[in-house]
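**Student:** Chains P and D, in that order, give the protein sequences. For the first sequence, the UniProt record's numbering begins at 1 and goes up steadily by one. For the second sequence, the UniProt record's numbering begins at 1 and goes up steadily by one.
Just so you know, these hints were derived from the structure itself, not from any lab. Keep in mind the model is a prediction, meaning the values are calculated, not measured. Where hints are given, some of them may not hold.
It does not matter which identical chain is used: a pair holds within one copy or between any two.
Unchecked claim - With a straight-line Cα cutoff of 30 Å, these simulated DSS-like cross-link-like pairs (lysine-lysine) come out:
#: 1; residue 1: Lys36; residue 2: Lys78
#: 2; residue 1: Lys250; residue 2: Lys191
#: 3; residue 1: Lys36; residue 2: Lys283
#: 4; residue 1: Lys36; residue 2: Lys191
#: 5; residue 1: Lys283; residue 2: Lys250
#: 6; residue 1: Lys191; residue 2: Lys283
There are 2 protein chains.
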Amino acid sequence: MVQDLLPNNGDSSSESGPVSGAEAALLANGTLPGRKTLYALRDGEGEHHLIGGQVVTLIARAGDTGGLHEAAIMTGGKGATMAPRYHAESDAAILVLDGSVTLLLDGEYHLLNRGDYAYVPAGTVYGHTMLDWRTRFLTWTIGDRVGAMYPALGTPFSRPVQPENANLSIADETLRAAEAVADVVFVEAPKPADVPERVTNDRVPTTQMPYVLRAGTGERLVAAEQLFSFMQTQASSGDQFIAIMNEGPKGDAIPPHFHREHTENFFCMDGHMTMWVNGQEVKLLPGDYVQVPARHVHAYRLDAPYTRFFGWLTPGVFEPFFRYLGDAYDGHVFPMAPPPFRFERVLAHLDELDLQPLGKGDAPASS
Amino acid sequence: MVQDLLPNNGDSSSESGPVSGAEAALLANGTLPGRKTLYALRDGEGEHHLIGGQVVTLIARAGDTGGLHEAAIMTGGKGATMAPRYHAESDAAILVLDGSVTLLLDGEYHLLNRGDYAYVPAGTVYGHTMLDWRTRFLTWTIGDRVGAMYPALGTPFSRPVQPENANLSIADETLRAAEAVADVVFVEAPKPADVPERVTNDRVPTTQMPYVLRAGTGERLVAAEQLFSFMQTQASSGDQFIAIMNEGPKGDAIPPHFHREHTENFFCMDGHMTMWVNGQEVKLLPGDYVQVPARHVHAYRLDAPYTRFFGWLTPGVFEPFFRYLGDAYDGHVFPMAPPPFRFERVLAHLDELDLQPLGKGDAPASS
């Protein structure tokens, strides 16, 4: 039991201890909370807008995250597109969930498939066109200034799946209306002559710059049975966030803990998993999302033979934890003979980490 | 309630009526049954063999299907490959589940992504190379003569995920050993110079010939909220099987029924769904598989806002049912304003269909 290694050093004072009382309740009723709190959305839940033939499902608005980030799922069919644009002050990122997308990024066109990733620093022109009849990607922007463009660009919609025969074009005046309310500027860009090459880059840059990343790559660490792949680091995001793909077999639970500073976002990609949030159990299936703000106690366990979830953590302060917990790994598959979690290294550096482990008395039962 | 439209004409005689008693119990204990019966496997369950760095998970052996078909999931990483081969008397098919694959088919190389399909008639040379670190496809062969090649090519393995640093090569003598026990002949074929173009074909041939098919295409029918896409027809398979992608929103249950002749195979791709099999409820998540042999009563309901499952039905006799039930549809997304199920057309032709609906008294509660 990994929990045995952890001291009970949770501070229960109201300002720095874990959230308790009514505010600790998990909101999971299919709606967005409207305030920064712990909540879960099932696949397809959120606030839907129909924009140029694709459905944007907001899963985190500025008001739901305390202005840390805004996140959405874009769902559409072949030919659905969004005009090239940039955000003057807001970084953006994209993770493809299904189908394939042509992505314009900083003057070059890339082909992204499921699991491929792109980072779009503020000021970088980007745009996309969907290539498959079932295309979906997760996208989020840092801060609170971009999300208002979605309602301005579209109309409220009833479901997270695009309609047949939707109008794929977006009027210029609609683009201007979005520019008036959000950090977005739409621009002209050349159309690609052909479908571009699939993304091949497998390295996260060491400085802040636009990049694309092939599924299954990035900087990899292994800790016990789990493979952690950094798809975005603090250095590459200017300390604004980190993004990690976490995959493993059915295993033991990661023990309960909380963070004083950063918000953690869990998005299940494959398999299924169990989370415990402020002591409440929630099962996640592919497409399910949980926001865990600072000071909310959480734990998780992977439950299927191959489970994969994607996490982004805002702001970018927690990367050293993974480097203490795990060891560098060249492989692309979680190991057959797992090394131990390196909790002793984590504990030796606890004073420099935004981590508050709880004692074993608070641990969930592991499988 | 669609059930109200159905007469109770189930024949309960032992030879032609539904299976009852001990044989009606759903086998769902993580193992293959060893006899033709109703069973379910969760994602990753089955019999694993390590072959050339990829794991083949058998989900239906000849003995589990009464010799109707043999099915497997192939899971591997970038570079995992299987030498070109043909089956003298057995047809094969492939549905990509994750990642991407270069497929050699009848002398041409194709790039297949998630949801893309390939049909390999007997005598056609085919082979594959995996392109992503997480690549998976479903493959099955008609009859009982191919499956023995998997144990001959590999070694028993402990899990459905490939090991890191596996040996990707397969010795010639191993190929010869497989040829000695199964309907397979390995051949030389030229390697592709580059990654080929993604599959673009969107039509199922009208005669029996090798083909590839792009995800989301094929001949489409709509019935109520559900979109049925024929990826393989009776004509294109020589009446050996049909293959259908079935997608829709959360909806009502399809009423319970059974078939006298054909076996139906359910493979959940996205979302989640509920099946009732001989009155027993089973929830399916992505990667879960259920074999429903002839005379086993079944019903199902789609439970997520976008749920998609793939079915192959052996032998190919049931295609007319879908043509009576649904209407031709040009769209690629299930409709916002659904037309009715055309049960009256089904009932008017019930004597020519391999379909035994049950009365409403046997229907599951719908959501």
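**Student:** So, for every hint listed, does it hold in this structure?
**Tutor:** Results of checking the hints against the structure:
1. Proximity of Lys36 to Lys78 under the C-alpha cut-off of 30 Å is found in neither arrangement, the shortest distances being 35 Å within a copy and 41 Å between copies.
2. Taking the shortest alpha-carbon separations for Lys250 and Lys191, neither the intra-copy value of 45 Å nor the inter-copy value of 38 Å comes in at or below 30 Å.
3. Within a single copy, Lys36 and Lys283 get their C-alpha atoms as close as 21 Å, which meets the 30 Å cut-off; across copies the closest is 33 Å, which misses it.
4. In the homo-oligomer, the alpha carbons of Lys36 and Lys191 never lie at most 30 Å apart, since the shortest distance is 40 Å inside one protomer and 55 Å across protomers.
5. For the homomeric pair Lys283 and Lys250, the shortest alpha-carbon distances inside one copy (14 Å) and between copies (19 Å) are both at most 30 Å.
6. In the homo-oligomer, the alpha carbons of Lys191 and Lys283 never lie at most 30 Å apart, since the shortest distance is 43 Å inside one protomer and 45 Å across protomers.
Hint violations for this structure: numbers 1, 2, 4 and 6, all remaining hints satisfied.
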